[in-house]
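Trainee: Single-letter residue listing:
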Amino acid sequence: MDVRELIARRISREFKDGMLVNLGVGIPTLIPNFLPPGVSVWLESENGIIGFNGIAPKGEEYPFFIDASKAFTTIRPGGCIIDSTLSFGVIRGGHLDCTVLGALQVDEEGNLANWIVPGGRLAGMGGAMDLVTGAKKVIIATEHCSKDGKSKILKKCTFPLTGIKVVDIIVTDMAYIEVTDKGLVLKEVAPGVSVQDVVAKTEASLIIPPNVPEMNLN
Amino acid sequence: MDVRELIARRISREFKDGMLVNLGVGIPTLIPNFLPPGVSVWLESENGIIGFNGIAPKGEEYPFFIDASKAFTTIRPGGCIIDSTLSFGVIRGGHLDCTVLGALQVDEEGNLANWIVPGGRLAGMGGAMDLVTGAKKVIIATEHCSKDGKSKILKKCTFPLTGIKVVDIIVTDMAYIEVTDKGLVLKEVAPGVSVQDVVAKTEASLIIPPNVPEMNLN
Amino acid sequence: MSSKLKSVREAVEMIPDGASILINGFYQQGAPEDIINEILAQKKKDLTLYNNDAGEEFVGLGKLIYAGLVKKLVCSWCGLNPLLPKLVEQGKIELELNPQGTFVERIRAGGYGLGGILTPTGLGTIVEEKGWGKRVNLGGKDMLYHEPIRADFCILEAYEADWVGNLIFRRTQRCFGPAMATAADVVIASVNTPIQPIGALEPDHIMVPGQLVDVLVQRR
Amino acid sequence: MSSKLKSVREAVEMIPDGASILINGFYQQGAPEDIINEILAQKKKDLTLYNNDAGEEFVGLGKLIYAGLVKKLVCSWCGLNPLLPKLVEQGKIELELNPQGTFVERIRAGGYGLGGILTPTGLGTIVEEKGWGKRVNLGGKDMLYHEPIRADFCILEAYEADWVGNLIFRRTQRCFGPAMATAADVVIASVNTPIQPIGALEPDHIMVPGQLVDVLVQRR
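These protein sequence lines are chains A, B, C and D, in that order.
Numbers 12 to 229, taken from the working numbering, label the letters of the first sequence in order.
Numbers 12 to 229, taken from the working numbering, label the letters of the second sequence in order.
Numbers 10 to 229, taken from the working numbering, label the letters of the third sequence in order.
Numbers 10 to 229, taken from the working numbering, label the letters of the fourth sequence in order.
Derived from the structure by calculation, the hints contain no laboratory data.
Heads up, a few of these hints could be off.
[What the hints assert, rightly or not] No more than 27 Å apart at the CA atoms, straight line, and that leaves these computed lysine-lysine pairs for DSSO-like: (1) C:150 - D:81; (2) C:52 - C:80; (3) C:80 - B:148.
[Said to hold, decoys possible] Among the chain C residues that face chain D by a calculated CB cut under 10 Å, a handful are: (4) 110; (5) 204; (6) 214.
For every residue, glycine included, the Cβ atom is placed at its ideal position computed from N, Cα and C.
Throw the hints in and build the complete structure from the sequences for me.
Mentor: So, in C-alpha cells, the structure goes:
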C-alpha cells in the first residue's frame, strides 16, 4: 500500500459521522476517500465554507466559489457559507472536531513546526496557527522520516513553531503515536513494522506499552 | 410652541441627508417629523435595524419585527437587518453620524448622566454607554431644568455617569450649547429667551460670545 | 446522522439545576417562549442567565425570575422587571449589568475562542467601579477588559431550519442569536416553521451553521 | 441622496500616494481586479496593503508588489509571490505576517471600535518573537494582544448592490469583505451585476449595510 494511502486510511478511522473537520494540504486531503460506510464528515475550508464537496466537475466551475487550495469547488447539501471572522471563530472557538495537518517536525511535548524551514522560502502561516490552537483534536499526518532519512519526531523541535503543546495524535507510515502529559505513547505500528523499527527511526523518546497492536486499516 | 417640539425642531436642523442616526426615547423620537424637505436620515435601532420606518400601521404588525422601544415596526426601502454584534460595531466603530439622547445631568466637561437616578429604580444602561462612546456626534435633547426647577446643566455631574467627555451639543428649551475644550459655549437662545435668562437657569459656567442669535426653527 | 429533533420536554430535560443559559432575545423577540415555559414547568433551579433584558412578570425570562429560579443574571437593561431590583437588594439574585455592546461582544469572544474583549465603553462608569470591567492600558489607550462569556446552554428561536440544524432568522429575531449560538456547549433552537429537508436552504443565507446546533424543537 | 456611482478611474483617483488599503480576497476571489488594475495604471506609490495573501506576479495585489508600489504588506500567507521574500530581504518592503484568524479579527476590531484583540493563537511563535503580538496575562490566561487595524480605503468585489450601497456577496467571495467594509474611511465596491433599485434587495440578506459603502463601481 502506498505510504500516503496508509496514513490517510488510518486517520480516516478517527472520524465519526457528522464531525466538522479541516484537512490540510497533502496527505490529509486523501482521507475522505477512505471513510467507512455510514461515516461522512463536514469539511471546513478557512475561506468560509462548511461542507465543501471536493473539486468542481469540469465545466461546472462557479467563478465565485473556491476552496482554501484555490480549486473551484461545490457545496454539499446542508453546507453553508460563512465569512472569515466566523470561519476562524469556528476554528479558534473549539467548534472544529478535528484538524489534520502535515508536519516538518513534531516533538515530545506536542509542539509542532509545519510552516517554514529555516532559510527556506517564506510562505506565511496562513490559518495553520489558528487551526492547531483551536481544534478539539489535532492529528499530524506525516511520513515518519524526512527525505534524507532523519526522524521528524524529535525530542525538541528546532524549526519555527506553529503551536506550543497542540498535537494530540501523530500518524506516520510506521506508527500511531499519542501525545500525553507523560510523553509520546506508541499505540500502534504499521503492518510489517516492528516496535524496534519505530524506536530506531524516532529521535524522540517513546513510551512503549506492553502490547502494541498493528494498525487496523480496513 | 410645545417645548418638546422646539427642541426636536432645532435638532432636526443638525441632520444632513443620508446620515445614519440613532434616536433615544422621548424627545429624540420626534425629530424625524421636523426634517427639512429633501433631508431624510437612516434610523438605526440597537436591536439590529438600519432604516426602520416608525410604528407599523395597525394590522400590518409583523411578529418578528420590533424596534428598540418594543413597538412593531417596518423597514424603509434600502434598509437592512444586522445582528447585535454588527449593530454595536456600527455604533462603537464611529459609523453612526449622530445620536440624540435625553439627559438627567450634563456638565462642563461633556460628561453625561442619563441612565439612573441615585436611589431611583434600577433599569440598566442598555445601549446608551456604547452610543455616547461611539457616535461621531452626541447631541443631548433635554429640558433645561428638571421638574423641581433645578438646572440639568451642571459644573459637575453628581449622578452615575453614562460616559466621560462624550457630549458635543446640548439643545434645551432655552438654549443651544456647544461643548468645547474650553467649556460650554452658548451658541443660540430659544425664541423669547435672553442670554441672562439662560445664565440664571444654568449652574454650569457658560462662555458667552459677543453675539448670541436666536434659534432658527424653520 | 441521527436526528436533532426533540420535544420541548426532552430538550429541557437535558438542562440540570445550576446550569448557565444564554437566552436570545431583545424583549421577547428571538427568545424561545416555549422553551422558557418548559424550564418554568420543570422548575430548573439556581440558573445563571444571560439575556439582554430581564423580561417581564409574565414574559420571557422574567417568569423564571419571578418564580425564584434564577441565581444570577447578566443583562444590559431590566426596566420592565420591577421585582428584580428588590431581589438584588435582598441578596436573592446576583445582577451584573453590561453595556449592550459589551454584553454581546463578550459572548462572541467566548464562542470565537478569544481571550476577552477590550472596549472604550463604560470607562469611568459603574461598569468600571463595580469591577465588571477592568481598566487596562494597551496600544497606548485606556480600555475596559472584560472576560469572555460561555455557557452550558443556549436557547433561541429561529424562523427556518433544516435537519442539519442550519438556522435562518427573520428580521429582528436575529439580534443576539448568531453570537450566542457559538458560545454554549449545547445549543437548542425552537423553530417557527416546519423543519426543511437538507439542501433546501440557500447556503449564502444561513445565519447559524447547523454544526453548532445540537437540538431542534418544532415550535407549535 | 447623491449617487455613489463612479467610474473605476474616478474611484481610484480618490486614493493618494501613501494610502493604506484593505483589499478583500482569498487568492483572487472577492478582490476587485478592475480596481487593482487601475491602481497599477495610475501608479499609486508607497501603499500599505492589508490582504490575506500577496497575490501572484500577474494576479491581484501581486501586480502592485511586482511594480514596486507597495511599502508595507500585512498578510497571512505569501506562498505564490516569489518576489516578495526577496524584496523583504532587500529591505524594499516591510512584511508583517499575521495568523489568518488574527488578521481578520484585528480588522473587525478596527471597524467595530474595539481596542484590539486577545487571542491564544501564535503564543510562543514568530508572531510573539517579532513583536507583532504582545503577550499579556488577563483573566488568568496568557494571550497575544494585537492592535486593531484601520485603513484609509477598503476595496472589494460584491455580487449585488443597490443604489444605497447595500452589498451581497456570493459564495466565497464573501470572506474578509464584511469585516473589511467596517474598517476603512472610504469603502469602494466593484459590483458584478447591474446595480439594483433601492428596495430590490431583501433586508435580511444584505451582508454589508450601504451606509458603510462610499463608492460603487460597476464591473464590466
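Trainee: Under the constraints set out in the numbered hints, which ones does this structure not fulfil?
Mentor: 3, 5
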